[in-house]
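Undergrad: Chain residues, written in single-letter form:
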Amino acid sequence: DVKVTQSSRYLVKRTGEKVFLECVQDMDHENMFWYRQDPGLGLRLIYFSYDVKMKEKGDIPEGYSVSREKKERFSLILESASTNQTSMYLCASSSSSGLAGGPLFFGEGSRLTVL
Amino acid sequence: AQSVSQHNHHVILSEAASLELGCNYSYGGTVNLFWYVQYPGQHLQLLLKYFSGDPLVKGIKGFEAEFIKSKFSFNLRKPSVQWSDTAEYFCAGPSQDNQGGKLIFGQGTELSVKP
Numbered sequence: 004d005v006k007v008t009q010s011s012r013y014l015v016k017r018t019g020e021k022v023f024l025e026c027v028q029d030m031d032h033e034n035m036f037w038y039r040q041d042p043g044l045g046l047r048l049i050y051f052s053y054d055v056k057m058k059e060k061g062d063i064p065e066g067y068s069v070s071r072e073k074k075e076r077f078s079l080i081l082e083s084a085s086t087n088q089t090s091m092y093l094c095a096s097s098s099s100s101g102l103a104g105g106p107l108f109f110g111e112g113s114r115l116t117v118l
Numbered sequence: 004a005q006s007v008s009q010h011n012h013h014v015i016l017s018e019a020a021s022l023e024l025g026c027n028y029s030y031g032g033t034v035n036l037f038w039y040v041q042y043p044g045q046h047l048q049l050l051l052k053y054f055s056g057d058p059l060v061k062g063i064k065g066f067e068a069e070f071i072k073s074k075f076s077f078n079l080r081k082p083s084v085q086w087s088d089t090a091e092y093f094c095a096g097p098s099q100d101n102q103g104g105k106l107i108f109g110q111g112t113e114l115s116v117k118p
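Protein chains in written order, with the working numbering: chain B, 4 to 118; chain V, 4 to 118.
In isolation and in its complexed conformation, chain B is listed as follows:
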């Protein structure tokens, strides 16, 4: 089975703090993604990466950055956390590219609360 592991299930941070969310996948997938999940809004794509050291903005990249130094690891960084970044963050990976799209395999999520 594909395993996508997110480093923290629950985090509580203060406004202005720097936050790192780590994600590791064990299936040698090329593509990795960070989504945030909010009630009534579904999943919204923050950033994605289709290769090591490559990154692309998703639909809501403001206030976030990412790092992909190794194929299996994709990190989401909040440089200065704000209360409107309180959310569930989901990491996903896939081996598809080009015209196909998906399927994605998801981690268990990291619930971030910013006070």
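Since the hints were made in silico from the structure, they are not lab data. Quantities reported herein were computed from a predicted structural model and do not represent experimental measurements. Incorrect hints may appear among the rest.
Stated by the list, open to error - Derived, one-sided and incomplete: chain V residues facing chain B with beta-carbon distance under 7 angstroms:
hint, residue
1, Phe37
2, His46
3, Leu47
4, Leu49
5, Lys52
6, Gly104
7, Lys105
8, Leu106
9, Phe108
10, Gly109
11, Gln110
12, Gly111
To be verified - Here are some chain B residues pointing at chain V (derived, C-beta under 8 angstroms):
hint, residue
13, Ser97
14, Leu107
15, Glu111
16, Gly112
Each residue gets a CB set at the ideal place from its N, CA and C atoms; glycine is no exception.
The hints should help you fit chain V onto chain B, whose structure is shown.
TA: For chain V alone, coordinates are given in the frame of chain B:
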């Protein structure tokens, strides 16, 4: 811009009732479509997928979905729901640029099944 929309935000059913959750996508090109399920406290799991061929696809746990190209729809169905089907359901499809295999998701439908 392309989008995936789900018709119902919250559906409440009694056990043994039939289920149909609506999903429409706006992208008219080659599409792969997915339904994901998120049980309470668990990560998103793939329920079923449509890539090509038979428009009626079967997934896990008795779920099926039908791709109707003329209606841009991919509705999820189950003839008889169980209490254990209580979960949130997400429809997903490829972004129009299909870069990096990314998917866009609908807003989600929360299904509550009463025993």
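Undergrad: Hints first: check each against the structure and report whether it holds.
TA: Going down the list of hints, with the structure as the test:
1. Evaluation of the V:Phe37 hint against chain B yields a held restraint, the C-beta minimum of about 6 angstroms falling below 7 angstroms.
2. Interface restraint check: V:His46 against chain B, minimum CB-CB distance 4 angstroms, threshold 7 angstroms, status holds.
3. Because the closest C-beta pair between V:Leu47 and chain B is about 4 angstroms apart, less than 7 angstroms, the hint holds.
4. Interface hint status for V:Leu49: upheld, as the beta-carbon distance to the closest one in chain B is roughly 5 angstroms, under 7 angstroms.
5. For V:Lys52, the interface hint holds, since its Cβ comes within 7 angstroms of a Cβ in chain B; the closest pair sits about 6 angstroms apart.
6. Interface hint status for V:Gly104: upheld, as the beta-carbon distance to the closest one in chain B is roughly 4 angstroms, under 7 angstroms.
7. With a least beta-carbon distance of about 5 angstroms to chain B, the hint placing V:Lys105 at the interface is held under the 7 angstroms criterion.
8. Checking V:Leu106 against chain B by beta carbon gives a least distance of about 5 angstroms; that is within 7 angstroms, so the hint holds.
9. Taking 7 angstroms as the C-beta cut-off, the interface hint given for V:Phe108 holds, the closest approach to chain B being about 4 angstroms.
10. Checking V:Gly109 against chain B: minimum C-beta separation of about 6 angstroms stays under 7 angstroms; hint holds.
11. The closest approach between the C-beta of V:Gln110 and any C-beta of chain B is roughly 4 angstroms, which is under the 7 angstroms cut-off, so the hint is satisfied.
12. At its closest, the beta carbon of V:Gly111 sits 5 angstroms from a beta carbon of chain B; the interface hint therefore holds under the 7 angstroms criterion.
13. The interface hint given for B:Ser97 is met, as the beta carbon of that residue sits about 5 angstroms from the closest beta carbon of chain V, less than 8 angstroms.
14. Of the supplied interface hints, the one on B:Leu107 holds, with its beta-carbon coming within about 6 angstroms of a beta-carbon of chain V, less than 8 angstroms.
15. Evaluation of the B:Glu111 hint against chain V yields a held restraint, the C-beta minimum of about 4 angstroms falling below 8 angstroms.
16. Nearest Cβ of chain V to the Cβ of B:Gly112: about 6 angstroms, under the 8 angstroms cut. The hint holds.
Of the numbered hints stated above, none is contradicted by the structure.
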